[in-house]
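J.: Protein chains in written order, with my numbering: chain S, 57 to 329; chain L, 2 to 252.
Errors might be hidden in some of the hints.
Distance ranges between label pairs, derived from CB positions [to be verified]:
{"id": "1", "chain 1": "S", "residue 1": "Ala231", "chain 2": "L", "residue 2": "Ile41", "range": "24 to 30 Å"}
{"id": "2", "chain 1": "L", "residue 1": "Thr97", "chain 2": "S", "residue 2": "Met157", "range": "29 to 35 Å"}
{"id": "3", "chain 1": "S", "residue 1": "Val217", "chain 2": "L", "residue 2": "Asp49", "range": "54 to 60 Å"}
{"id": "4", "chain 1": "L", "residue 1": "Ala178", "chain 2": "S", "residue 2": "Met157", "range": "38 to 44 Å"}
{"id": "5", "chain 1": "L", "residue 1": "Ile41", "chain 2": "S", "residue 2": "Arg99", "range": "33 to 39 Å"}
{"id": "6", "chain 1": "S", "residue 1": "Val217", "chain 2": "L", "residue 2": "Thr84", "range": "18 to 24 Å"}
{"id": "7", "chain 1": "L", "residue 1": "Arg56", "chain 2": "S", "residue 2": "Arg307", "range": "53 to 59 Å"}
What the hints contain is simulated information worked out from the structure, not anything from laboratory work. Virtual Cβ for every residue (Gly too), placed ideally from N, Cα, C.
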Amino acid sequence: MLAELRDMIGHDVMVGLAQAAGAIALCAAVVLLCRWQAVRVEREAAVSLLRGLVQMVLVGIVLAVLLNGSLLIGALILLLMTGAAAVTAAGRIKGMGGALMLCFWSIAAGAGIVLAAMLATGSLRSQVAMLVPVGSMIIANAMNSCAQAIERFRAEVTAHVGQVEAALSLGAEPAVTVAPYLRSAVYASLLPRLDMMKSLGLVWIPGVMAGMVVSGASPVYAGIYQFIIVAMILAASGITGLIATVLMRRRVFSAAAQLLLRPAEADKPAPAG
Amino acid sequence: MTTTAPSKDPGGAGLSAQFPERSERLPPGALETRHLSRQIGGRRLVSDVSVQIGRGEIVAVVGPSGAGKSSFLRLLNRLDEPTSGTVLLQSIDYRTIAPQELRRRVGMVMQTAYLFPGTVAANIGFGPRQRGQVLPHDNIVALLERVGLAGFADRDIGHLSGGEAQRVALARTLANAPEVLLLDEPTSALDEALVRGIEELILGIVRERQMTCIIVTHNRAQAERMAGRTMLMEAGRLVTIGPTAEVLHAG
Ligand SMILES: Nc1ncnc2c1ncn2[C@@H]1O[C@H](COP(=O)(O)OP(=O)(O)OP(=O)(O)O)[C@@H](O)[C@H]1O
Ligand SMILES: [Mg+2]
Numbered sequence: 057m058l059a060e061l062r063d064m065i066g067h068d069v070m071v072g073l074a075q076a077a078g079a080i081a082l083c084a085a086v087v088l089l090c091r092w093q094a095v096r097v098e099r100e101a102a103v104s105l106l107r108g109l110v111q112m113v114l115v116g117i118v119l120a121v122l123l124n125g126s127l128l129i130g131a132l133i134l135l136l137m138t139g140a141a142a143v144t145a146a147g148r149i150k151g152m153g154g155a156l157m158l159c160f161w162s163i164a165a166g167a168g169i170v171l172a173a174m175l176a177t178g179s180l181r182s183q184v185a186m187l188v189p190v191g192s193m194i195i196a197n198a199m200n201s202c203a204q205a206i207e208r209f210r211a212e213v214t215a216h217v218g219q220v221e222a223a224l225s226l227g228a229e230p231a232v233t234v235a236p237y238l239r240s241a242v243y244a245s246l247l248p249r250l251d252m253m254k255s256l257g258l259v260w261i262p263g264v265m266a267g268m269v270v271s272g273a274s275p276v277y278a279g280i281y282q283f284i285i286v287a288m289i290l291a292a293s294g295i296t297g298l299i300a301t302v303l304m305r306r307r308v309f310s311a312a313a314q315l316l317l318r319p320a321e322a323d324k325p326a327p328a329g
Numbered sequence: 002m003t004t005t006a007p008s009k010d011p012g013g014a015g016l017s018a019q020f021p022e023r024s025e026r027l028p029p030g031a032l033e034t035r036h037l038s039r040q041i042g043g044r045r046l047v048s049d050v051s052v053q054i055g056r057g058e059i060v061a062v063v064g065p066s067g068a069g070k071s072s073f074l075r076l077l078n079r080l081d082e083p084t085s086g087t088v089l090l091q092s093i094d095y096r097t098i099a100p101q102e103l104r105r106r107v108g109m110v111m112q113t114a115y116l117f118p119g120t121v122a123a124n125i126g127f128g129p130r131q132r133g134q135v136l137p138h139d140n141i142v143a144l145l146e147r148v149g150l151a152g153f154a155d156r157d158i159g160h161l162s163g164g165e166a167q168r169v170a171l172a173r174t175l176a177n178a179p180e181v182l183l184l185d186e187p188t189s190a191l192d193e194a195l196v197r198g199i200e201e202l203i204l205g206i207v208r209e210r211q212m213t214c215i216i217v218t219h220n221r222a223q224a225e226r227m228a229g230r231t232m233l234m235e236a237g238r239l240v241t242i243g244p245t246a247e248v249l250h251a252g
């Protein structure tokens, strides 16, 4: 039976690779188009396309092998994904100590809480074939939420150093001085997910629903299930964005309530009033 | 209240000799820096500054642009951390005081007025609000009148001129009733007519509340009008401190 499966995959893979070549050709054309306006992304595009293809082939192989694996294996794969997501998100705030762990814990908390809730309520089965794709979607969105939240928080605080230090000078607690920036950072990190929810079904029919309908599920149930997943994405993103900014807030101040974050010389804030 | 004399003054023998009348026992509100320094990378922003300033005294800080005057003030309310040396407030090492409490007692008006979005009144009430107090509206109105901004309480800060913003920032710091007032060029955005008014106001309030005041200024005449003593800084160092007329005319 395994050999049978391998043969089938073999044929699919050939067709798939041919299609992938087509996709790459289209991207290459776009890269050339960019060049026409002096936007140079050849190298980055080539690297990311190659990486993406290799990564997805590997994921396919892993899934093929572990299709019916246990919850433990699924959890392990998700943990590795969370680690990779943390590395990616932490790249947004280079130069701040502890960024990697900050991102890891906030993504793990957001995705972990939501996935645990889905497993507990039976809205997600624990087989690898189900857990990993759904889990990866949630982790990927938590990662984006984390990156957007910390980047926005950094940008807002460095743009308002004067106000933050004025508030500190008047005896305010550090948390009070950055409260407006924490709010807008969390909101900014949620916005893409809120838009995703609003456009659900109107401009966007996500892959899970398509897959379920193709494999014979009732379209109405598939639609409801897709809604549940996007709602869980929203929840995970919210938890992640909140935890990431609250953790980052601590790192932005010294023990003596001094603002440590400094804008680069180039983007010094303009004085108010 | 009794203040205990600091036990030792390492390497500061010269200081006591310079100001024998203020030797060890400082009155409340008095401020003393000991070898205060801040270094970033290899750069010394403030370098080994030791001064004693008595309660109710007004001291001017002068020196060329980039001399470290603002950096010096920022160390005094611990907005920045000294890399060595320290500050004594009423003979107590300021690192033993909670930063929030210290900054209420050592108020600072920064070189640029950074106001919080909202009304002028909300800005004035910000400091007391941090301690759960509501500054009565009458007090806000009175403070604004003193800085020449009568009727500004309900204005939005978005429409203020630079000079108005600077005076709101001054009133906002005064609303905290600090013991020590640090002023970083508080009249740099005002025209000559207003400058005199604000100087009078500062002198009046400092006298009335027996506040200690350190004022950074580029304006020699202002230093002469306001400060009994002046400290001259250059490249982070304290070049000299003494009676204002002497310091200014030597330079
Ligand atoms: N965070 C910092 N990192 C590095 N250098 C700094 C920093 N803050 C200030 N400096 C430098 O330290 C020097 C002293 O700056 P400071 O603002 O204290 O000068 P100042 O005497 O107040 O000047 P001005 O009269 O122009 O206000 C300047 O050369 C400034 O560029
Ligand atoms: Mg300055």
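J.: Hint by hint, which ones does this structure get wrong, listed from lowest number up?
T.: 3, 7
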